[in-house]
Amino acid sequence: MALAHEFDYVRPQSLTEALQLKDKYKDKARWLSGGTDLIVNIKEGMMKPDLLIDIKDIDELWQIGFNSGKLSLGAAVSFSELIDSEDVRQHFGMLTDACRTVASTGVRARATLVGNICSAVPSLDSAPPLFCYEAIVHCASVDGKRDIPIDQWFLAPRKTALADNELVTGITLTAIPNSAGVYVKLGRYGGEDLAQAGWGVMVDHNKQYRIAHCALAATPKRAYQIEQLLAGKELSDALIEQAIALIPQETSPITDIRSSKEYRLHVSGVMLKRGLQAAYDRLQGKTVEAHKLLGGIA
Amino acid sequence: MKDYKYIGKDVIRIDALEKISGAAIYGDDIDFGANLLYAELVQSTQAHAIIKSINTSEAQKVKGVYKVFTGKDFPYKFGLYMKDRYIFAQDKVRFVGEQIAAVIAYSPGAAKRGAELVKVEYEALPAVLNQMDALADNATLLHPDLADYPHVPWFFPKPGTNVAHWRKTRKGNLEQGFAQADYILEDTYTVPRYAHCAIETHVAIGKFDHSGRLTVWSSSQSPHTQRHLFAEALGLSHKDVRVIAPHVGGGFGGKAGVTMEIIPAALATKLKGYAVKLRYSREQEFINTYQRLGVVARIKMGVTKDGSITALDHKIYWDAGAYVEYGANVVNAVGLSAIGPYRIDNVSIDSVCVYTNLPPGGAYRGFGYSEMLFGLESHVTRIANELKLDQVEFRRRNAIKEGDLTAYGAKMNPNGLVECIDRVQAAIAWGKKPVSTDPNKLIGQGFSLFWKAPAMPPNASSSAFLKFNEDATINLIISGMDIGQGYQTVMAQIAAEILSIPPSKIRVETPDTDRNPYEWQTVASHITWSSGNAVKKAAIDAREQIFALITRVYHYPIDELYLEDEAVKCNTDSAFILPLKDFVVDGIMTSDGTFKGGPINARGMFMPEFSSTNGDPETSQGGHPNVHYTVGAAALNLEIDKETGKMRVLKAALAIDAGKALNPDLVRGQITGGLLQGLATVLYEDMRYDANGKLLNPNFTDYKIPTAMDVPDEIIPIIVEVPQPDGPFGARGIGEHTMLPAAPMIANAVEDATGIRIKSMPVTAEKVAMAILAKKG
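If you read the protein sequences in the order shown, they are chains A and B.
My numbering numbers the first residue of the first sequence as 21 and each following residue consecutively.
My numbering numbers the first residue of the second sequence as 45 and each following residue consecutively.
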């Protein structure tokens, strides 16, 4: 692969050293972990950094821990590690669903969840579970640390709340007791694909719902109006139809090469309906294969 | 049937270990040392424009850049069947992505940096981006000098228009045929362009030494054809041009003929002593190699109430792209064969090759037949359904049989089409489709026939050298390419069968045109048949040399000798057993101490001497342009989610008449792979262009090719064997054919399940779901 752009590469051994470098270079430097987005962007001339700061030698960024209902992930944790984590599967099932749909096996072994949210494309599969588990994004810079709730993270396509001297060091997710969730993704075939629509649907024993979507607006979003409509209610065909009727207000899909606006809207209704049913099924202990919910080859 | 030892057996591929262990060397793996230069292309950003100026001064200043070349350095035309292409654009560009200049540098990165700095000034011309617009009276002409372009005698360009070739086939009396019909159906079907997507992108390395000889290493299906075109375009003698073809990482027609390989070949002639490499990125692979042609097909078919086809009027308009030197032959091939595998007395076919300002069309697995069959097999299903006849019975009734006349008047070869239909019908349990327990799911059945002939010049030939080594192992020296189909293994099996040597003791290497004998190209699914015949002849030549020597030394009559277990034996003297290794190089010592014989070196050649393209230009009646057709049938059960439109093939059965399956396991592999490739073209693949002729999805992000996840749940491969009289052990080609029925089968199954007929490819989940919604109102 020929890269027309030339850049320097460093691999700092400590967080302090990394943050000092980033503070010096600001937006002229890019963080490198898996590189699955970054290198492609450089190859295609979309990014021209002077410096790549590889974070993979910073031990604390590799941590993955589950404690008191909270899951902490370091910035270097790959999708494969998340998929393989028993804690994630048990307490954050929707996240496991979503991670399994990101790219392909080879890419998932390198790509990170943190890198994914920093790329901040509208079709971000990991966003709906992060919204539903009310993730906190931990950032650090030479000026100190700050936490950004996920619903304040995405500003626009490919634009986040991260300052140009900051590093995302990790994310914390909070499990919902007695709940079950599912991530439903619309793709074009059985192989890896960018979501044409993605819906995360969660329900708990008190019939409280959390619902979020991706690829249906400029940024991934939580569907608060639908959550409020459903709150405390038993699912019925009529209720689901009312929820589906709110989709046009909760989303603003576009027509692009992957899908038409009309199909995105239409299938979103199907996804919400089947997602709600699947979440209930999981809550009752039934096995749900999320990738088969929309039919076809998957 | 004769009992063979190696033919018809599931011999393990002789190249398997080399390939799965990573030992196999591909073009980009070859080490050229310090004198290797890298080329990067400057490509047109305009679909149709005059090149006003090219400024290379900034590029020349880039560190690591050695030289920059433009069209002025190479004012040559080239082309396989019509010389309408340039090595670099001359005064005009005719598609987005066309090569204008090359930057030569000491590293790929420097070449790319340089290429980004070459400034091209354009004066835009109106672009014609589809074939129907290009046919309009006032359409902009892509090639005003069309009248001057040299071409093969079987092309009929229309200078002053954008029609590069018009194949007309006329048989019987069309009007009378329609008058006899009780029912006539007329409709239009459209098929977009497709990309081959071989996993190895195109790569070629040219080297011109100080003595003036050109060597090109290229990932190719056609080393000899490349040598010929390089020699012709660059004004070199064939003996001074050498093409070395290492292993190929997939071809599918995309590495047939010459596309980008001419660029490093030409550049090398100006860079004496260096090797210069051009390796395509995936994006370049999409935009500037051959693409499968787009199609608009208008079909009018007449039938009687009892289901006999009385007339067919098939008009096919091809979006062939900016240069049609190869693509026009796709148009020609289908123009001779657009009746499908049916016996039809009254036929009119117009297959029209149209220039457009999109990338050049060319060979793609199926060579136009997939595109043609999408319409025809959709149409046949609709007609049968309209008449309330079973569509399979309708097909059986009209199926072409041995001795029936093809559209151009030659007799159909022996074939097992009806057996294919019968066996597929049984395997899929036609008419007894499963019912889903899921209320969201519908299940439909689809059926399709297929046929295809190799499209070759009448004198396309193959040849083989075979040499014995001291231990009676063999080097079989041939020039076809193993592009995944198992060619090397099957050729070894043929020699093995004749010479009683196990295939594991036969080495077949990839070709070098200096040392390997002539082969036309590895295309057209003709290589098993044609090269197989040459190899068989070479093996027989070796056997005859062996027997002649034994007769000379031991005086056994030749007709009493035979080969078995790597030894010569005699019918009349069971005590005589002479191992081949005892004499095939060193000869046989006689009683006086002298030796007779010597190294056994054999040769074989095959050319289909009965073939001719001398048909009447107005009717195509006369010649014998196609050597034979391979036929088959296929069916599937398709599950459709009626809300999302998403589809899943539950079961597919495909029967093909291989004549003789030389290696049944490889035939089954082709059935699986071909079917999957075909299903991808109908379910999700699709090249999309914007209003300026720019490809929107030159990547696997938005051009989806099938993965292991996309294989149907069950595939039933069925091999039918009605021997091809002139084929090696009765074999004929099956490689391309296995993808042909996929698209119409899906469209037919969608209609069976939903009542909705989709007449444009691809038949995506979105299209199906939105059609179901629209139907509900």
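It should be emphasised that the hints constitute simulated quantities derived from the structure, not laboratory data.
There may be inaccurate statements among the hints.
Stated by the list, open to error - Pairs of lysine to any residue, SDA-like flavour, derived with a Cα cap of 25 Å:
#	chain 1	residue 1	chain 2	residue 2
1	B	Lys695	A	Gly211
2	A	Lys179	B	Asn743
3	B	Lys485	A	Glu282
Unchecked claim - Quick list of simulated restraints, FRET-style, between CB atoms:
#	chain 1	residue 1	chain 2	residue 2	range
4	B	Ile74	A	Lys76	53 to 59 Å
5	B	Ala180	A	Gly65	35 to 41 Å
6	A	Ala129	B	Ser65	19 to 25 Å
7	B	Ile74	A	Leu175	46 to 52 Å
8	B	Leu694	A	Pro197	57 to 63 Å
9	A	Ile59	B	Ala78	24 to 30 Å
10	B	Asn79	A	Gly65	25 to 31 Å
11	A	Glu37	B	Arg257	55 to 61 Å
12	A	Gly65	B	Ala78	27 to 33 Å
Where is the CB? At the ideal position from N, CA and C, for every residue including glycine.
Quick one, are A/Lys179 and B/Asn743 close enough, alpha carbons at most 25 Å? 24 Å, holds
Assessment of proposed distance window 19 to 25 Å (beta carbons of A/Ala129, B/Ser65): 23 Å, holds
Supplied distance hint 46 to 52 Å, evaluated on CB atoms of B/Ile74 and A/Leu175: 49 Å, holds
Regarding B/Ala180 and A/Gly65, is the given constraint of 35 to 41 Å on their beta-carbon distance met? 38 Å, holds
Between the beta carbons of A/Gly65 and B/Ala78, is the distance compatible with 27 to 33 Å? 29 Å, holds
Mind checking the hinted window 25 to 31 Å against the Cβ distance between B/Asn79 and A/Gly65? 30 Å, holds
Does the Cβ pair B/Leu694, A/Pro197 satisfy 57 to 63 Å? 41 Å, violated
Between B/Ile74 and A/Lys76, does the C-beta distance stay in 53 to 59 Å? Given range 53 to 59 Å: violated, Cβ gap about 33 Å.
Between B/Lys695 and A/Gly211, does the CA-CA distance stay at or below 25 Å? 19 Å, holds
Can the restraint linking B/Lys485 and A/Glu282 be considered satisfied, given a maximum Cα separation of 25 Å? Answer holds: B/Lys485 to A/Glu282 is near 21 Å, not above 25 Å.
Do the beta carbons of A/Ile59 and B/Ala78 sit within 24 to 30 Å of each other? The hinted range 24 to 30 Å holds for A/Ile59 and B/Ala78, with Cβ atoms some 27 Å apart.
55 to 61 Å as the expected CB spacing between B/Arg257 and A/Glu37, which holds or is violated: 57 Å, holds
The earlier numbered hints that this structure contradicts are 4, 8.
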